[in-house]
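*Asks:* The lines below spell out each chain.
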Amino acid sequence: MSISTNLWVWLAAFLTLTIYSFLYKDNIMYKFAEHLFVGASVGWSIAIIWHLTVFQYIIDPIKEAVLNKDVLGFILVLVPTIIGLMYFSRFSRSKGWIARWPIAVTMGYYTGISITPSIETNIFKQVEGTILTSFNPGSLGSWWALLLLVGVVTTLFYFFFSVKHAGFVGRTAKVGIWFVMIAFGASFGYTVMARVSLLIGRIQFLLHDWLGIIK
Amino acid sequence: MKFLTLFGILFLIIQGGSLYSEIVVEDVPNDAGEALMITWDLPDDVGNISMYRIYRLDPGAEDYILVGKVENPNVNVFVDHDPRYPLHAGTEFVYKIVPVDFSQNEVESLGTSLAVSPVAQLFNFNKVNSLIATLFVFAALIFFLNYAKTGKGLFIRKIAGLDALDEAVGRATEMGKPVLYVPGLSTMSDVATIASINILGPVAKKVAEYETKILVPNRDPIVYTIVHEVVKESYLEAGRPDAFDTDQVFFVSQQQFAFVAAVNGLMMREKPATNLFLGMFWAESLLMAETGNITGAIQIAGTDSVTQLPFFITACDYTLIGEELYAASAYLSRDPILVGSVKAQDLEKAIILFLMIACSIISLIAVLAFNTYAFNQVISAIFSF
Amino acid sequence: MMKFWLFLERLDRRWIYLAIGLSVIIPLIFPFNSPTTITPPTVNLWNYIDSLAETGKPLMVITDYAPSTSPELDPMSRAVIRHALEKDIPIIIYGGLYPQGFGMSQRVEQYVIDEMNHKKVNGDTIIYGEDWVLLPFIPGATAVIMGMGDDFHRTSPEDARGNSLSDLEVTKDVRRLGDIGLIVDISGSSLPRLWLQYATTRYGVPVGVGTTAVSAAEYYAFLQTGQFVGMMGGMKGAAEYEQLNEDLIEVKVRRVASIAMDAQNAVHIFIIIIVILGNISFFVMKKNKARRF
Amino acid sequence: MLFKRTLPLLVVFVLGIAMMIQYFIPHPISQSFKEGADNWIRIIGAFAIVLGLASFFHVHTRKIMRKNKDSIFSVVAIVSLIGMALIGILGKDGLDNWLFSNLYSYIIVPLDATMFSLLSFYIASAAFKAFKARNAMAFALLVTAIIVMLGRVSFGSFLNGLVEWIMVYPNTAAQRGILIGIGLGIIATSLKIILGIERSYLGGE
Chain H
1 MSISTNLWVW LAAFLTLTIY SFLYKDNIMY KFAEHLFVGA SVGWSIAIIW HLTVFQYIID
61 PIKEAVLNKD VLGFILVLVP TIIGLMYFSR FSRSKGWIAR WPIAVTMGYY TGISITPSIE
121 TNIFKQVEGT ILTSFNPGSL GSWWALLLLV GVVTTLFYFF FSVKHAGFVG RTAKVGIWFV
181 MIAFGASFGY TVMARVSLLI GRIQFLLHDW LGIIK
Chain Y
1001 MKFLTLFGIL FLIIQGGSLY SEIVVEDVPN DAGEALMITW DLPDDVGNIS MYRIYRLDPG
1061 AEDYILVGKV ENPNVNVFVD HDPRYPLHAG TEFVYKIVPV DFSQNEVESL GTSLAVSPVA
1121 QLFNFNKVNS LIATLFVFAA LIFFLNYAKT GKGLFIRKIA GLDALDEAVG RATEMGKPVL
1181 YVPGLSTMSD VATIASINIL GPVAKKVAEY ETKILVPNRD PIVYTIVHEV VKESYLEAGR
1241 PDAFDTDQVF FVSQQQFAFV AAVNGLMMRE KPATNLFLGM FWAESLLMAE TGNITGAIQI
1301 AGTDSVTQLP FFITACDYTL IGEELYAASA YLSRDPILVG SVKAQDLEKA IILFLMIACS
1361 IISLIAVLAF NTYAFNQVIS AIFSF
Chain W
2001 MMKFWLFLER LDRRWIYLAI GLSVIIPLIF PFNSPTTITP PTVNLWNYID SLAETGKPLM
2061 VITDYAPSTS PELDPMSRAV IRHALEKDIP IIIYGGLYPQ GFGMSQRVEQ YVIDEMNHKK
2121 VNGDTIIYGE DWVLLPFIPG ATAVIMGMGD DFHRTSPEDA RGNSLSDLEV TKDVRRLGDI
2181 GLIVDISGSS LPRLWLQYAT TRYGVPVGVG TTAVSAAEYY AFLQTGQFVG MMGGMKGAAE
2241 YEQLNEDLIE VKVRRVASIA MDAQNAVHIF IIIIVILGNI SFFVMKKNKA RRF
Chain F
3001 MLFKRTLPLL VVFVLGIAMM IQYFIPHPIS QSFKEGADNW IRIIGAFAIV LGLASFFHVH
3061 TRKIMRKNKD SIFSVVAIVS LIGMALIGIL GKDGLDNWLF SNLYSYIIVP LDATMFSLLS
3121 FYIASAAFKA FKARNAMAFA LLVTAIIVML GRVSFGSFLN GLVEWIMVYP NTAAQRGILI
3181 GIGLGIIATS LKIILGIERS YLGGE
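Chains as they are written, first to last, in the numbering used here: chain H, 1 to 215; chain Y, 1001 to 1385; chain W, 2001 to 2293; chain F, 3001 to 3205.
These are computed hints drawn from the structure, not numbers from a lab.
Just so you know, even glycine gets a beta-carbon here, dropped at the ideal spot from N, CA and C.
There may be inaccurate statements among the hints.
[Claimed, not checked] If you anchor each label on the Cβ, the simulated ranges turn out as follows:
#: 1; chain 1: H; residue 1: L85; chain 2: Y; residue 2: E1062; range: 43 to 53 Å
#: 2; chain 1: F; residue 1: G3083; chain 2: Y; residue 2: G1060; range: 47 to 57 Å
#: 3; chain 1: F; residue 1: V3075; chain 2: W; residue 2: M2001; range: 46 to 56 Å
#: 4; chain 1: H; residue 1: I48; chain 2: F; residue 2: V3075; range: 21 to 31 Å
[What the hints assert, rightly or not] Far from chain W, some chain F residues (derived; all Cβ distances over 10 Å):
#: 5; residue: P3028
#: 6; residue: F3033
#: 7; residue: R3042
#: 8; residue: K3069
#: 9; residue: D3070
#: 10; residue: V3075
#: 11; residue: V3079
#: 12; residue: K3129
#: 13; residue: M3137
#: 14; residue: M3149
#: 15; residue: L3150
With the sequences and hints as input, model every part of the structure.
*Replies:* Right under this line is the structure:
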């Protein structure tokens, strides 16, 4: 193994190092990499939108509809295209409000589809998993399941907004916060490994793919 | 059609299953008419059979096609729902079951079924529980909205992170530095983004009143469009429309880490006195919050992303946890109607708590005292879908 | 001593960054082979794969991941493939249901071949088609699993090099998924559950899993119920597998995951130490301040 | 007023309710309505990028006009944007163009991965700076974090059982509590939007 002869690899290695230089302090190399990254990534998104959305969802269906004389199909693509074009009214000082139409369609769509899945995954599933369905005083697992129920109940108490957090409610909510803190500590500690793996990946790239120091 | 098959089954039962072929085809309910269930009587010589092949005759077709097989000779049910051989609601299909012996030869068919068509339903009865919950939530909200109009019970408990907003904006004013507001990295599809925009309004207004500057970088172009209008409007409401600079609210990049690279650079260069991270965040939460710590900004975060909360808690001065983010617009405005909706949420929470505890107690009594698991089945029927 | 605590209290973050960087770089260049304790999920997987040697049924290794998780998952693919090649278990290497996985499987294949051919112990080299086969990417998502379940050769008539599957020693008797001894899905996503759902439930092929440390938590439940035969969780799981390879079948190669684990251990220990030291300095300083006022 | 406010709010209401109802209807008509709506949203969303671009160019041209030492970086941003977009759109083979895919793999991918990997430095410094036992709860947080971290290293496997217990019971309990609260918050916020109670997203009059 020896140092890479591929110019692309050298470019990637250079950019990797410029980002790490930010750890020391902000500098011109980082500023260069940052602006290159932002510009190139927006350019990339545009190319992707051009090929995958503009062609696949607008131009090709319109062409197809025209060829097949499919009036309904044509209208079904034309209408959202016109609604989308309404965004451009923002460029005008007096007609900017027209952009509210595409925004209204987007809001209606997303709020409408978010409700029922939230009921199912955030509420039903969590409630079902928490309810105790059997209890065997001799088995440790049963006691842990009870602890789980206590944890969920007390955590929920913390989220009561229209009741003063004093007395019973206050004490219960406090227990809930304990559960929350333990959970946060656990997730923090658990995530370290995944993050370090990312760094190992980059260092392996530098030492193996670029410098060829390690196998 | 379903009733016909039911009659068919009844008829077969009465006849002892001897007159007609014993292959029964039924519609699978609560779907778009994409599946049929076929059952048949096990033949007498089950011991010589290795598997069954299920053949289907599509309308207009000349030959049966193989749509599946059952590799256990003692199983006599098959659900035909394979995207490779789709079924269509309203057209009739005929099935034939052919057993296969241990030398892989097909033996005599068990007969053919009546022609049955799958039915597309107008309501999915498996989701009736979600529907009831949705209607209940609706009713609770409307009830509390009306109740709120009476002006009673507008109490909301203290939310430290929101109380600190004033102080945080004030600090930026004193230092003559801008306020940085990141409305999350997601699109409008995350309701957390909407919640963040609802908070941004009052915050931007306060910033405008204090004659400070607010910087709002955006990752999603639609969010950018909306946020731009909200901030502009807030400056107008504060009576300082001329102080609004259109570049204060800007679009950066849709690439997650390109956005972070730019925002981190911005923090290092502009040194905002206050950073507000409210909305939906992923791995970038800590990247931004730690950079903000280095620049010494006062930081308030709020997200419903459970995986990122631990990082905001460690790196920010105040953190709105989950539902607190959604209660924020009511808390900040004290608008009776919005407070009413928070009360509705509290009622729903109380009901959920009651259900969890009551169901646990009842099912424990049922299991321990009466030794029956019947109630557990009721519970899973209520909460599954 | 007081000075030390004061120094810690005011420590610039950049010293920590430097220490973290060194904790990763040094072990990668000079591995120190920290001990690996082997856990049951990994042993179960290793044993199951080892037992395939007796049945003669092939092993299917699926590299269902993208470059972002490859530091964690590549070592798993390599270790499993090494194991199978050492024990003459026929292997089918497959990139999984998404196109990116094919690139991963090509890379892993190349790496293992290079390593094996360098060794040339007893002049014993490996031969494509007799020892392993690389499948191409097949579009169709879930339908591909069902297709393989019914008729393997019809779903994937050729391998990635254009040979007919019925001409290759490894695959000529694999008429359907049920003829495969074990599927090991290496993935950081929820795809192993999909394979479980289709391959195991429908076609009775056992599934083992290799996954990232983050996803491992959710798979424990499936291990307890015995739905997966075994699991490698994160870099540590891969390191355990390498250890088993070395201890039980004497595979002596550069243990990528074990080396990465050295770095992981160093970073974890470093963080724990600085947090503890930070707290001591916090209390010493607090006491000190209290005394002064 | 009608076109500026009332009708847009009506659109939100009607579409919101329609999307909610379609969820309960398995009939093919409802399915194709959903697919159609998905397509519409995709098409409409594609146009917003133009506003994003306008903002991008406005910000950077202004920085260039200002002619200070950082102006050059705005040139870098604009040039790389235009270059990347043109190669992707006009290049041979479309998105499979070799230059486009190399620019992606050797510029965007390493920058992305390296930014992401900065987390391993920040997670350490955040732990050092913030994990101070200021009170009992902060103590609980830091002790759990240390136990879990120890349990993850090679020689900490004696803690495996404890770590798994923490992840499965207290951790799940708190997450469930938070998730239920979030669910209620999402539903309430969505309903407020659908009913037109919360309408700040539309801007002023």
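*Asks:* Which hints, by number, does the structure contradict?
*Replies:* 12, 14 and 15
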